[in-house]
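Student: Assembly of the complex is requested from the two constituent chains, each provided in isolation within its own frame, with the hints serving as guidance.
Spelled out, the chains give:
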Amino acid sequence: MLKYTIRRIIGMIPMLLLISLVVFLLAKAMPGDSLSGEIDPNNTDPQYIEEMRERLGYNDPIPVQYFRWVSGFLQGDFGTSTRYKVPVADLVLERLPNTIFLGVTSLVITYILAFAMGIYAGRKPYTVGDNLIGGLNYLGLAIPSFIAAVFAIYFFSFNLGWIPYSGSVDPTLQPGTFDYWLSRIHHVLMPAIVLGALATASYTQFLRNDIIENSRKDFVRTARAKGTPTSKIYNVHIMRNSIIPLVTFLGFDIATLISGAIITETIFTYPGIGQLFLDSVTNRDYPTLMVITMMLSALTLVGNLIADILYGVVDPRIRLD
Amino acid sequence: MVNVTADSNKSQEKTINMSPWAIARRKFLRNKLAMISSFFLLTVIIVSFLAPYVTTADISKVNIMQMSLEPSNEHWLGTDKSGRDVFTRLLYGGRVSLLVGMACTTLVVLFGTIVGSIAGFYGGVVDSVLMRFTDFVLNFPFLVFVIVLSTIFYGLVDGLTILIVVISLLSWGGVARIVRSKILAEKENEYILAAVSIGCKPSKVIIKHLLPNVLSTIIVQSTILFAGLIVAESGLSYLGFGVPQTIPSWGNMLSASQESDVLSNKPWIWMPPAIILTVTILSINFIGEGLKDAFNPKSQR
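Protein chains in written order, with the UniProt record's numbering: chain A, 1 to 321; chain D, 1 to 301.
Isolated chain D, as found in the complex (with noise of 0.2 angstroms):
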């Protein structure tokens, strides 16, 4: 008993020394499942993004001869029906399913924190107009938008950036109202009363002392959004409303599978760009289940 009690006592001096930030690291590093998902991930992402150094294959030339062929030595995963090796466009596509999440959840989390810090840092009225602007984007249902936006600046300017623009644009109510909320708890704290009445700026105490305490919540945020737009961007692809036809990506890949001829007979098509984003999206998902694990003050593990 006594020596439990001396066991325990030792754990917990060593976390009392610890900053919550040491203490969230290793918690992560001590989650298995995490650990593996980080790995997987950082590997495809290293991979797709040396595409053009681990491939040497041509990914926009139609090759007639080598129409839809089984996997084989030399196609590792077989041709697609324009005759296009399928593990490079895999590899290319990655890298440009990726950016767009990417770049997405940057946008969306940016946007959102800055509308959700400065409406509840100023409470009142800015804070019910920014709101109400966001409940205002929050009522569209997401899809229908996404399409009706993408069709208008449809070759306008590059089909990309259009896309991750329309996709930013309608997704950052969720992260403004989360960071507004956790704001709107934080700044009740006494040393924001400090900071404020030492003559600090709106601007740094948002900066330098809200931020800082509520950004395990954003950053957990953050990986549930790189996931689900990941996913939305593949799922308007598929539906021929996301990245243009150009440009292979993970989702462009897959709308290959419309056809039922290549549905049902040519699984090497469509097979690996649906396997590997469910893995990916799968090991984002358990990275922030760690992460949310991590930054939680009473799961102890």
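Bound conformation, chain A alone (with noise of 0.2 angstroms):
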């Protein structure tokens, strides 16, 4: 296991290098450079522009520039963002705790609902109760975040005036007293639920399928032979080995957060990387893009790896070589 770990974790080496090769031409390709989204190259000086451009090494051969980028990247430094007129370190590491706020919470809203939904369905299948969940789940499936996110702002937020349709936080309140904490959790939860729904409707789909599938299993009729309540038998015999696909479930997730969160932030106005991603295409703020790109792929490289490590961990019957 733990061989099988190490190797795994160096084999990530060279696909991390690839990537950032791959970042670093796209970067490069994009039109423009940081400085033309900086200044108006009608109303600047040529020789200004020539000049900056000879200083920050724009005018070296591309694999000069790819080695300045990585070596800098391998030393923790991450440049500093054209537009911001900070370390991009800074930037982003400003923003990360709302994402991964916003992805906590949605982890932990889409583990809470689809337990219970995918529990009782998987108890009392073919009911009122299992076709009406059945039903939420195939609308969770079916229906693109940004649309169920528009229509939940629309309805909550304007109509209801239930939830804030923009930020992260009501900025009048002091950091760190406990409205604010509750302002916080008030901000994230609709945009949580939004990019956990279809997260939650695979999980409560996959937990009844196989709650129902081990409920006809030889062993479940064995503990029913020797009178078990039926609580226990569903509450702990079936549900250890239900959950057990669940859990690898939890790598994939991270990949599919990520993506997700682009456009929730957006649309929720959440100050996120996700929405620092997009204004730093738009910006041209190429520093700032090749980190957050680097950062998000390596995240999906780990997520599949603690996805295939969490297999090997929860079922022991699978061999990894």
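If you are wondering where the hints come from, they were derived from the structure by calculation, not from laboratory data.
Any given hint could be a false lead.
Calculated pairs, DSS-like style, for lysine-lysine (alpha carbon to alpha carbon, straight line, at most 30 angstroms) [claimed, not checked]:
hint, chain 1, residue 1, chain 2, residue 2
1, A, Lys124, A, Lys28
2, A, Lys217, A, Lys124
3, A, Lys28, A, Lys85
4, A, Lys217, A, Lys232
5, D, Lys292, D, Lys32
6, D, Lys292, A, Lys124
7, A, Lys124, D, Lys32
8, D, Lys298, A, Lys124
9, D, Lys81, D, Lys204
10, D, Lys208, D, Lys81
11, D, Lys201, D, Lys81
12, A, Lys226, A, Lys124
13, D, Lys298, D, Lys32
14, D, Lys298, A, Lys217
15, D, Lys204, A, Lys217
Under 10 angstroms between C-beta atoms, here's a sample of chain A residues computed to sit facing chain D [said to hold, decoys possible]:
hint, residue
16, Val128
17, Gly129
18, Ala255
19, Ile267
20, Pro271
21, Leu278
22, Thr293
No residue lacks a Cβ here, since even glycine has one placed at the ideal position from N, Cα and C.
Tutor: Below, the structure written as structure tokens:
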């Protein structure tokens, strides 16, 4: 197990290098450079532009620039945002807690909802409740997240006034107070539900089918025959078996949450990484863009790794070699 | 008791004489939800592709006199902020959204099947090289790279073509994996050994003998993809990185809802595309479920 994990982590290094090369070349291939996103090329002295380009190293050969970027990256120097004039690391670290908060809340809501609905539907299959949950799941799978978000804002923010539709916190509150955290949770709730809808639907469906399948197995019949209470059979015997596959989804969730966050954060104007990414694309803030793209790609890799490793951890029958 | 067995024997005989495709067709035709969905999807496709014949209104003309009108007899779904008829734009938008979805699905399925079947059939070095490449592509966060790529090519070539190519380039990995695993299982059969031993060319073995047997999986997979790619297109257009703003698409129409005035006070501008998009995706999903059920020999219906 340990050997497998170490080998997988070492195997990630060439993948990361390849991705970094792709990210770098793509950033180079994007129209204009950071400088032209900063100044108006028609109104500035061409000599000055040339000087700045020389000083920023934009005239060096591409391989030289690539190695400068990668070696800076490895030493923790992520460059300076051309738009905000601050180190990219600071910029990302400022936004990161918001995105992590959103992702974690979304995961918690997903798990609570999926377990509640999945267990109910699995215990009472083909009843009204089960069909209702099945219908809800269909909607969750079919409605694109941005449409769900738009409808949520329309109904819950504008018509009912229950939830705020933008920002991550009420700016008038003092950080650290109880009200501050309450306001943060209030702000994150709707985006988190929308972000987790797809996962919730697929988890519920999976859990339901797994519970139904398990309840027909021999060990359940044995347990029934020896007089184990039904609730114990479901909550202990079957649950243990049905949770296993769910655990492995966690890794894939990381990747889904990242991509989903870009759209969700934009719609709810929630100041997180996704919004920063889109801003950096529009403003041609390439240092920021490259760092975020690298970060998201690395997270996807890590997510897949976690999923693969968890497979082996939760189910010892699966041999990893 | 005797009657029951006789009955089931009869129905079994009936299905025994049918080809797998005929059985699947019968199952699908009996699936009410899937049939209703197919009917709806076909209607949407036909009406949107016949848009120029269905309505005569001009989609591109900005009409200041008719800005943000509520739904009326003249404008069935009202007009948007530039005074364009929402219903007309909905039809033309559907044409673009469905076209992008279909084109991407075709490209993705084609490329994924080619890579997957070659990797699965040849195995060995070819397989590991192709699969490493597939893993590599699958490791890119989809949305991030689509946005970066479409920004690079923005304005260089026709916007719609670029969007289709970029989305397809990043989404074929899943199909390749599934096709490969199916081919791996299928090629162990003896008829493949027979075909190879009488000297069939590899291309012929793949196309004539292997692919027809994994076709049902590919068909089901492409329905799911079709829905997913329509969502991808509209999501990107909503963010402003998809179909160029000048061409109406469902996603572009929805992006009007980013203005809070439109979102809260003029729901007729953004609700029609939102609803039609959701119902279309839902019906494609139902068709996919129906197909999956129809091709599954274990399901009895």
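Student: Compare the structure with the hints numbered earlier in the document and write down the numbers of the violated ones, lowest to highest.
Tutor: 1, 9, 10, 11, 15, 16, 17 and 20
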